[in-house]
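Trainee: Read off the chains here:
Number of protein chains: 2
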Amino acid sequence: MFPNLLLKRAHLTPDRIALRFMGEVWTFGQLYNEANEFAERLHAKGIQPGMRIAILSSSNAELVIAIHGCLQLSCELVMLNERLSEVELNYQLHDSKPDILLIDNHERIISYSQRFSFNDIYSHERKAYSIDRDWPKERTISIMYTSGTTGRPKGVRQSLENHVMNATGSALHLGVHPDDCWLCIVPLFHISGFSILMRSVLYGMKVSLHTKFDPEKVVDEILDGAATRMSLVSVMLQRIVSVLENRNQHFPDSFQSMLVGGGPVPLSYLERAIERNIPVLQTYGMTETSSQTTTLSSEDAIRKLGSAGKPLFFADVRIDGEEKMGEICIKGPHVTTGYIGAAESKKPLIDSWLHTGDIGYLDEEGYLFVVDRRSDLIISGGENIYPAELEQALVKHPAVVEAGVTGRQDDKWGHVPIAFVVVTEQVTIDELKNFMETQIASYKLPKEYHFIDALPRNGANKLVRRELLKLI
Amino acid sequence: MFPNLLLKRAHLTPDRIALRFMGEVWTFGQLYNEANEFAERLHAKGIQPGMRIAILSSSNAELVIAIHGCLQLSCELVMLNERLSEVELNYQLHDSKPDILLIDNHERIISYSQRFSFNDIYSHERKAYSIDRDWPKERTISIMYTSGTTGRPKGVRQSLENHVMNATGSALHLGVHPDDCWLCIVPLFHISGFSILMRSVLYGMKVSLHTKFDPEKVVDEILDGAATRMSLVSVMLQRIVSVLENRNQHFPDSFQSMLVGGGPVPLSYLERAIERNIPVLQTYGMTETSSQTTTLSSEDAIRKLGSAGKPLFFADVRIDGEEKMGEICIKGPHVTTGYIGAAESKKPLIDSWLHTGDIGYLDEEGYLFVVDRRSDLIISGGENIYPAELEQALVKHPAVVEAGVTGRQDDKWGHVPIAFVVVTEQVTIDELKNFMETQIASYKLPKEYHFIDALPRNGANKLVRRELLKLI
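Protein sequences, first through last, are from chains A and B.
Under the UniProt record's numbering, the first sequence has 100 at position 100, and the numbering climbs by one with no breaks.
Under the UniProt record's numbering, the second sequence has 207 at position 207, and the numbering climbs by one with no breaks.
Mixed in with the good hints, there may be bad ones.
Said to hold, decoys possible - Over 10 Å on every C-beta distance to chain A, these chain B residues come out as not near it, computed from the model: (1) Arg9; (2) Asn60; (3) Ser74; (4) Ser85; (5) Ile109; (6) Pro136; (7) Val176; (8) Gln238; (9) Gln249; (10) Glu271; (11) Ile350; (12) Gly357; (13) Thr424; (14) His450; (15) Ile452; (16) Pro456.
Stated by the list, open to error - Taking lysine-lysine pairs in the BS3-like style, the calculated list, with each CA pair at most 30 Å apart, reads: (17) Lys346/B - Lys137/B; (18) Lys347/B - Lys347/A; (19) Lys137/B - Lys346/A; (20) Lys217/B - Lys412/B; (21) Lys137/A - Lys346/B; (22) Lys396/B - Lys97/B; (23) Lys45/B - Lys97/B; (24) Lys347/B - Lys137/A; (25) Lys470/A - Lys444/A; (26) Lys324/A - Lys447/A; (27) Lys137/B - Lys137/A.
To be verified - To give an idea of the interface, some chain A residues facing chain B are shown, with a C-beta separation under 7 Å as derived from the structure: (28) His11; (29) Gly175; (30) His177; (31) Tyr203; (32) Ser298; (33) Leu362; (34) Gly366.
I should point out that these hints are in silico values taken from the structure, not numbers from a laboratory.
Even for Gly, the Cβ is constructed at its ideal location relative to N, Cα and C.
All chains, full assembly: derive it from the sequences and hints.
Mentor: Shown next, in the form of structure tokens:
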């Protein structure tokens, strides 16, 4: 058993700030009271402990209260991604069969038999429920859908133990201080955002929540000293660096850690970030591990360029394969115990190891290098080509801001790599070809180059390579 | 399973300083290598994984290496208190039946069939053993003897989970930073010291180890900024404050926490400590909970004078009794799962709660006030002294028929033990003193002896110790 997270935290530090959103603040005591009220209104609507509740909402204070309210009532959450299409949402609802669907407002296109807005709940009466002082470790806190290697979304269970052990492992790596404030600009329906709420109650830490990523506002808040830690993906980091460069400003020393997910930060950005005093901690995580598994300390960023660091204290990583490079496997109390719905019978672990489908290697010091997602592996004439490798080469060209590479079927080679680039200045295909020939072995060179306006990205802002060919 | 603590830490941060002792330093990588070497030499001597090893040593770097060496070989440790008498040590050895006894040098009075000094081990060859990358959570790491209410010392098991969850709960309360250094002047055979070694490997934190408490050296080291956290008992705090006052100095802001156990700090010391910028965190802990259960934040020290604070995140406290005041009961993953030896059949938990025998109450905000240690426990200079143990020793003297021991307030030590004896034949106080010195550790010896006609007893014929002092 672990303690009821928010109840315990509200008991320990009721007057500490828990949440800041749009100029309003909530202490942990207030957050608990509002969550409890929400739970009582849900209960009056017939919701019982143990039921499953899907939530579709923007990242705002109401969502934070709703999440904690559902958890107080001992319900499990299906966190829906608001950027999905109606078809995709319907698939997840059909697969997870929640007892009710909660939405932030009735503008939402999605329909469901038991569908209520937050306001519907608030307009309801209250009914006391039995508050659980302790929660079983194996209790499911949240369910998030992820495509994995197959492309078919699977609902991943994230248990209380998963969240608690991930948050404590992260604390041991990054440090934790009673005055910390984590700036959250990543969505709460994604594990990168949800895990910030979990850290908040475990550490007694303030969260400053933004619904949208605005690099100017982020920089203002950090320069004020009001935020000490933050999570984002590589592409957002670049925009923050640009703001600092335009203003000729630097992050204050009070800022502790910039956790960067979604693939390695290219050297050029990294050097510019370091120049601006941003402590960049690159990380490798996923839905199935309730966020971080490995993290690279900022002092190792240059020396171990391209690495995602070492496993957190309670996590273990090994490479499965006969070569040095192979499938990344993960073990630890933060790894999911299973799926729901159609994928329920699939066992995620083999001998307690999660086989991620991602390809990587550990160097001689034990640092993990994630080379690619297996689904994106291009096999051309029997040779392995990793798109990420070509992309990293392409962005080294001064005209290229972003690049995506994917494989296309080819009669002769099986598959060949095709490149897509977003450029800031005039450049010809021949110039790119010539440049790439200096960077990459000839058998791996892209067979075509396409100029596009923006890369296709998912809700977590990750590049979706399988969408690239549709842009031609 | 949790990771093999030192192996994991040495893998994560091999070059960070783990230990500083007498001007020498060890990185985590070096500490692991030396522990591994020690384990290989033990193994060559026939020691197998799973065996039980008793250690009797001063707190020095050799002991740290020996502790980690034994743990690497997956042995469990009986930590012997070097201040105990031969009779007391023999009891613990007889009760725990270790496969071997390790001592720091052959000056030790204790004999045992399998008795080796650290040097004996070092002069031995090496033999490779199978290194366990993961350790079961329920594995016993350490065994420490504590007397409990009966006066008969019981060997308390401290599991891996006990240590890990205590250390992580402590980190969430106190904060943790990669540059921390914990100054250890409390003995490693005691849970207050041993728990610092556990925090060290979990946090990747430096330990500065002193064999003896020298308040001048402590102050020098903290003023240098070389130590950021420290544990001690109330009586030592007073000496540190005096040094600062004599020198008219203050602790630097870099110093984070002074964890004070062994009973509440009197207001007069507390105010003087605050005046010297010492962040005093009073704490309530015991052998059965692998150290801290509750801790009072320094900002609450005056407002909640006399309190031991609130339970750490993973710990729970309730009061058993019909009144507001009653027996303090503790629950959580840091609570021992049981005893060894003669007490093995005793179950420490009732419905997962440890009944401490200590008396206290929780105020309306949930702060714990420890009113009295088990009626019969005397805390003298932070050390536990059990009257029943002294009484049992006294009646071994042929002239003594009955004995009663109780604590009397003392400005320096908090409390000191006072003995009352009923004798059948002529005996002098000096004869009793000499006899007791052969039976009992010197720090536990009665400060006064009184001859009385009969012990005060209640209707059930039980000794009423609180009546004893009225007989003087």
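Trainee: Hints first: check each against the structure and report whether it holds.
Mentor: Hints versus structure:
With 10 Å as the threshold on Cβ separation, the claim that Arg9/B sits away from chain A is violated: the shortest Cβ distance comes to roughly 8 Å. Annotated as non-interface, Asn60/B keeps its C-beta farther than 10 Å from every C-beta of chain A; the closest such distance is 27 Å. Its beta-carbon lying about 18 Å from the closest one in chain A, Ser74/B satisfies the requirement of being farther than 10 Å from that chain. A cut-off of 10 Å between C-beta atoms confirms that Ser85/B is not in contact with chain A; the least separation is 41 Å.
Non-interface call for Ile109/B relative to chain A: holds, since the shortest CB-CB distance, roughly 41 Å, exceeds 10 Å. Against the 10 Å criterion, Pro136/B stays outside the reach of chain A, whose nearest CB is about 13 Å from its own CB. Its closest Cβ contact with chain A, about 6 Å, brings Val176/B to no more than 10 Å, contrary to its assignment away from the interface. In this structure Gln238/B is separated from chain A by more than 10 Å, as the shortest Cβ-Cβ distance comes to about 27 Å.
No Cβ of chain A approaches the Cβ of Gln249/B within 10 Å, the least distance being about 26 Å, so the stated non-interface status holds. The Cβ of Glu271/B lies farther than 10 Å from every Cβ of chain A, with a closest approach of about 23 Å, so its non-interface assignment holds. Taking the minimum C-beta to C-beta distance to chain A, about 16 Å, the non-interface status of Ile350/B holds against the 10 Å cut. Remark: the non-interface label on Gly357/B is consistent with the geometry, its nearest Cβ contact in chain A lying 24 Å away (cut-off 10 Å).
Taking the minimum C-beta to C-beta distance to chain A, about 55 Å, the non-interface status of Thr424/B holds against the 10 Å cut. The beta carbon of His450/B is kept farther than 10 Å from every beta carbon of chain A, the shortest such distance being approximately 47 Å. Here Ile452/B stays apart from chain A, with its beta-carbon at least about 49 Å from theirs, past the 10 Å limit. Remark: the non-interface label on Pro456/B is consistent with the geometry, its nearest Cβ contact in chain A lying 42 Å away (cut-off 10 Å).
A distance of roughly 21 Å separates the Cα atoms of Lys346/B and Lys137/B; the hinted pair therefore holds under the 30 Å criterion. For the hint linking Lys347/B to Lys347/A, the alpha-carbon distance of about 38 Å lies beyond 30 Å, and the restraint is violated. A C-alpha spacing of about 27 Å is found between Lys137/B and Lys346/A, which places the hinted pair at or below 30 Å, so the restraint holds. For the hint linking Lys217/B to Lys412/B, the alpha-carbon distance of about 21 Å falls within 30 Å, and the restraint holds.
The straight-line distance between the Cα atoms of Lys137/A and Lys346/B is roughly 27 Å, inside the 30 Å bound, and the hint therefore holds. This hinted pair checks out: Lys396/B and Lys97/B have alpha carbons roughly 24 Å apart, not beyond 30 Å. Pair hint Lys45/B plus Lys97/B holds up; C-alpha atoms about 18 Å apart against a cutoff of 30 Å. The suggested pairing of Lys347/B with Lys137/A holds, with an alpha-carbon distance near 24 Å, which does not exceed 30 Å.
Proposed proximity of Lys470/A and Lys444/A is supported: the alpha carbons are some 22 Å apart, at most 30 Å. Restraint check: the Cα-Cα separation between Lys324/A and Lys447/A comes to about 28 Å, which is no more than 30 Å; the hinted pair holds. Between Lys137/B and Lys137/A the alpha-carbon distance is near 14 Å, which keeps this suggested pair within the 30 Å criterion. Hint on His11/A holds. Least Cβ distance to chain B is approximately 6 Å, under the 7 Å limit.
The beta carbon of Gly175/A is positioned within 7 Å of a beta carbon in chain B (closest approach about 5 Å), and the interface hint is therefore held. About 5 Å separates the beta-carbon of His177/A from the nearest beta-carbon of chain B, less than 7 Å, and the hint is met. Taken as an interface hint, Tyr203/A checks out: its beta carbon lies about 6 Å from the nearest beta carbon of chain B, inside 7 Å. Hint status for Ser298/A relative to chain B: violated, with the closest Cβ pair at about 11 Å, above 7 Å.
Contact between Leu362/A and chain B, as hinted, is not supported at the beta carbon level, the nearest pair being about 11 Å apart and thus beyond 7 Å. Using the Cβ-Cβ criterion of 7 Å, the hint placing Gly366/A at the interface with chain B is satisfied: the shortest such distance is roughly 6 Å.
In the structure shown, a violation is registered for the earlier hints numbered 1, 7, 18, 32, 33, in ascending order.
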